[in-house]
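Given these sequences and hints, build the entire structure.
If you read the protein sequences in the order shown, they are chains A and B.
If you're matching positions, the first sequence starts at 1 in the working numbering and goes up one per residue.
If you're matching positions, the second sequence starts at 1 in the working numbering and goes up one per residue.
For the record, the hints were derived by calculation from the structure and aren't laboratory data.
Only a predicted model underlies this, so the values are computations on that prediction, with no experimental measurement involved.
All residues carry an ideal CB built from backbone N, CA and C; glycine is no exception.
Some hints here could point you the wrong way.
Stated by the list, open to error - Which stretches of chain B does chain A cover? Using the computed rule of at least three CB atoms under 8 Å from a CB of chain A, they are:
#, region
1, 38 to 48
2, 274 to 284
As the list claims (entries may be wrong) - Okay, the calculated beta carbon distance ranges per label pair:
#, chain 1, residue 1, chain 2, residue 2, range
3, B, Arg10, A, Pro219, 48 to 56 Å
4, B, Thr151, A, Ala43, 49 to 57 Å
5, B, Gly111, A, Leu107, 27 to 35 Å
Chain residues, written in single-letter form:
Number of protein chains: 2
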Amino acid sequence: MRVTIKDVSRIAGVSIKTVSRVLNKEKYVSDETRRKVEEAVAALNFSPSLAARTLAGSRSFQIALIYDNHSPYYIHAVQEGVWNRCREEGVRMLAQPVDVDSPTLALEIGGLIDETHVDGVILSSPVTDAPAALAELERRGIRFVRISPGTNHALTSSVFMDDVQAADDMTTHLINQGHKRIGFVIGHPNHMASDQRHFGYRRALDRAGIAYEPELVRPGTFDFESGMAAAEALLKLAQKPSAIFASNDDMAAGVLSYAHRVGLDVPQDLSVAGFDDTPLAQLVWPPLTTVRQPVLELAYAATDQLFCPDPAIVHQRLQHEVMVRGSTAPLRKS
Amino acid sequence: MRVTIKDVSRIAGVSIKTVSRVLNKEKYVSDETRRKVEEAVAALNFSPSLAARTLAGSRSFQIALIYDNHSPYYIHAVQEGVWNRCREEGVRMLAQPVDVDSPTLALEIGGLIDETHVDGVILSSPVTDAPAALAELERRGIRFVRISPGTNHALTSSVFMDDVQAADDMTTHLINQGHKRIGFVIGHPNHMASDQRHFGYRRALDRAGIAYEPELVRPGTFDFESGMAAAEALLKLAQKPSAIFASNDDMAAGVLSYAHRVGLDVPQDLSVAGFDDTPLAQLVWPPLTTVRQPVLELAYAATDQLFCPDPAIVHQRLQHEVMVRGSTAPLRKS
DNA sequence: GTCCAATAAGACACCGTTGTCATACCGGGG
DNA sequence: CCCCGGTATGACAACGGTGTCTTATTGGAC
Numbered sequence: 001m002r003v004t005i006k007d008v009s010r011i012a013g014v015s016i017k018t019v020s021r022v023l024n025k026e027k028y029v030s031d032e033t034r035r036k037v038e039e040a041v042a043a044l045n046f047s048p049s050l051a052a053r054t055l056a057g058s059r060s061f062q063i064a065l066i067y068d069n070h071s072p073y074y075i076h077a078v079q080e081g082v083w084n085r086c087r088e089e090g091v092r093m094l095a096q097p098v099d100v101d102s103p104t105l106a107l108e109i110g111g112l113i114d115e116t117h118v119d120g121v122i123l124s125s126p127v128t129d130a131p132a133a134l135a136e137l138e139r140r141g142i143r144f145v146r147i148s149p150g151t152n153h154a155l156t157s158s159v160f161m162d163d164v165q166a167a168d169d170m171t172t173h174l175i176n177q178g179h180k181r182i183g184f185v186i187g188h189p190n191h192m193a194s195d196q197r198h199f200g201y202r203r204a205l206d207r208a209g210i211a212y213e214p215e216l217v218r219p220g221t222f223d224f225e226s227g228m229a230a231a232e233a234l235l236k237l238a239q240k241p242s243a244i245f246a247s248n249d250d251m252a253a254g255v256l257s258y259a260h261r262v263g264l265d266v267p268q269d270l271s272v273a274g275f276d277d278t279p280l281a282q283l284v285w286p287p288l289t290t291v292r293q294p295v296l297e298l299a300y301a302a303t304d305q306l307f308c309p310d311p312a313i314v315h316q317r318l319q320h321e322v323m324v325r326g327s328t329a330p331l332r333k334s
Numbered sequence: 001m002r003v004t005i006k007d008v009s010r011i012a013g014v015s016i017k018t019v020s021r022v023l024n025k026e027k028y029v030s031d032e033t034r035r036k037v038e039e040a041v042a043a044l045n046f047s048p049s050l051a052a053r054t055l056a057g058s059r060s061f062q063i064a065l066i067y068d069n070h071s072p073y074y075i076h077a078v079q080e081g082v083w084n085r086c087r088e089e090g091v092r093m094l095a096q097p098v099d100v101d102s103p104t105l106a107l108e109i110g111g112l113i114d115e116t117h118v119d120g121v122i123l124s125s126p127v128t129d130a131p132a133a134l135a136e137l138e139r140r141g142i143r144f145v146r147i148s149p150g151t152n153h154a155l156t157s158s159v160f161m162d163d164v165q166a167a168d169d170m171t172t173h174l175i176n177q178g179h180k181r182i183g184f185v186i187g188h189p190n191h192m193a194s195d196q197r198h199f200g201y202r203r204a205l206d207r208a209g210i211a212y213e214p215e216l217v218r219p220g221t222f223d224f225e226s227g228m229a230a231a232e233a234l235l236k237l238a239q240k241p242s243a244i245f246a247s248n249d250d251m252a253a254g255v256l257s258y259a260h261r262v263g264l265d266v267p268q269d270l271s272v273a274g275f276d277d278t279p280l281a282q283l284v285w286p287p288l289t290t291v292r293q294p295v296l297e298l299a300y301a302a303t304d305q306l307f308c309p310d311p312a313i314v315h316q317r318l319q320h321e322v323m324v325r326g327s328t329a330p331l332r333k334s
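The following block contains the structure:
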């Protein structure tokens with residue numbers, strides 16, 4: 001049978017309520033009593049029922065992580081970061097995949113909250129920018145923190161990196177290497193970050209006095225195939241780019257793959273840059289020059305904000321970093 | 001405030017218990033009453049509290065997925081497969097990462113079960129073979145199903161693929177292409193599958209009358225770096241292999257990378273094969289010949305077994321497939 | 001010595017469901 | 001006409017904790 005607080009209280013020789021106090025680290029418990037209770041808990045290997053605590057109390061000791069992101073690396077890192085912080089807090093994490101385009105998104109999220117009574121929610125991009133989701137959470141007055149939202153939302157906390165600056169930095173890096181015709185592959189249209197990276201690319205060109213040429217910019221969907229297709233289009237131009245900057249690593253891998261296929265040497269004939277610094281960046285040849293996005297740290301920080309709301313810091317920015325590896329090189333004089 | 005069964009019962013004009021009956025699809029409810037209740041549920045957008053159901057009833061409508069696998073692609077696929085089946089069943093999935101080598105593994109799992117009252121557990125490799133975990137689950141009499149266990153365990157269900165045969169098939173494929181000196185990179189020692197793939201490699205060689213040479217076999221840990229290190233060792237041998245078969249795709253990517261680094265052309269100078277058919281296999285150049293492991297299907301089938309235990313089929317095998325891509329080619333005459 | 005605030009601990013109702021038992025109605029066999 | 005099993009529904013006590021209120025005991029300020 002299940003071990004309950006009642007059993008613990010009997011062993012410790014105190015009331016049920018006192019055991020509850022110890023469990024919840026409340027004040028007004030003598031050291032002596034606390035010790036006895038803790039011993040009894042350890043002896044019986046007691047873990048309190050979350051269901052009962054949830055029902056009786058005002059907390060559920062659970063938070064939900066809601067995501068719809070098709071990059072396994074990204075999700076994996078987010079889950080790990082959130083989980084790391086939850087574990088410290090003794091709180092369970094419910095990982096909840098959703099379809100951000102589903103017409104029933106709000107209903108699903110509402111149902112999740114009603115069923116589980118979660119104490120808070122972490123939203124991962126692109127769910128961070130689904131109006132239906134945000135409205136539903138606000139309607140219910142649930143605390144939530146967003147990881148890398150694309151839009152600002154005055155009322156709620158978020159944790160993010162500066163995508164514009166990061167794309168600007170990478171573009172500037174390529175410019176500094178002498179590249180002037182730099183191709184760009186845009187990300188998936190439903191991620192706000194796609195716009196921002198695109199804008200950063202443009203801003204860097206502008207500052208360097210290089211004209212923005214639409215033919216050098218191709219749409220993509222954050223996946224390998226779209227990267228390959230974009231590379232094909234770019235490299236068939238009359239005036240080929242000497243470098244291609246893709247908005248994420250998967251697409252950069254696609255660019256790399258197409259370059260190999262048509263016999264181009266990377267980085268001698270073509271420099272390739274990615275974005276995200278997923279493990280993939282170091283699994284391809286040559287290893288990708290890319291922007292490190294501190295996903296794990298973002299997720300951890302977001303969860304921390306959920307647990308320890310600091311009214312002063314509502315929007316927290318974490319630093320990115322340009323990782324220079326083998327896929328980019330100075331432009332050869334020709 | 002929260003919408004409760006009481007509200008529903010009032011609107012529908014029936015007792016609380018009758019609403020409960022409809023929710024649980026019990027018999028002995030008239031069509032008329034059922035309709036009224038369903039309408040009230042829809043009107044109020046009611047979702048029952050899992051905490052209350054868990055506490056009062058004998059089910060928690062939750063299962064746990066316990067894993068410790070550092071391959072994001074693998075975990076992602078497992079989560080998706082389990083979740084797909086859970087969603088059909090109206091059951092929540094608790095994704096629980098653990099450290100399979102932790103001395104407190106059993107305690108953690110026990111605590112998870114006590115706290116959440118999960119109705120069942122899915123174990124993913126390598127937790128499938130952690131004696132402490134299995135003992136704890138059995139001690140508590142919790143139903144569980146294992147995905148790709150390395151050991152047979154008469155008492156419990158499992159779902160798996162034939163790793164031995166798969167490695168045998170891949171090795172045979174290489175032999176059929178004319179390769180005789182085939183390098184092999186073993187997987188992580190704490191995964192039983194590593195042994196099995198190794199054995200399959202050996203069995204295929206044996207059947208083809210090719211001697212097993214220990215110098216052609218290198219240890220690895222399922223990660224990129226160990227694949228690269230193994231490739232270096234193998235390609236520095238006096239008599240180099242003409243093909244290398246790595247026990248997973250990450251290590252195969254490492255082999256590929258090392259080959260590129262030293263200027264070898266794959267597959268002309270060296271054939272490379274992987275295992276798992278993770279998305280990575282198609283993101284590298286050239287795309288990897290590998291064994292498709294039906295991870296999503298395995299996870300779905302495992303969850304299905306948990307929900308619909310079929311006493312007849314306790315150990316269910318799913319089919320693998322050799323995916324021939326660009327990284328292998330017939331041996332050149334030299 | 002008295003009074004009060006801070007400390008310490010218990011009694012008891014209650015959280016929102018399900019399990020069990022009781023009750024009432026219906027149609028058919030004896 | 002009575003009895004019975006099957007059907008349909010409700011009353012009420014659990015489930016295992018927490019919130020609130022009450023009570024008893026301190027130890028210092030006056």
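Hint check:
With a cut-off of 8 Å between beta carbons, the region 38 to 48 of chain B has 4 residues touching chain A; three or more are needed, and the interface restraint holds. A count of 5 residues in the region 274 to 284 of chain B with a Cβ less than 8 Å from any Cβ of chain A is obtained; the coverage claim is therefore met, three being the minimum. Taking the beta carbon of each, Arg10 of chain B and Pro219 of chain A are about 54 Å apart, inside 48 to 56 Å as hinted. For the pair Thr151 of chain B and Ala43 of chain A, the beta carbons lie near 33 Å from each other, so the given range of 49 to 57 Å is not met.
Distance hint for Gly111 of chain B and Leu107 of chain A: a CB-CB separation of about 33 Å, consistent with the stated range 27 to 35 Å.
Against the hints set out earlier in the document, a violation occurs for number 4 only.
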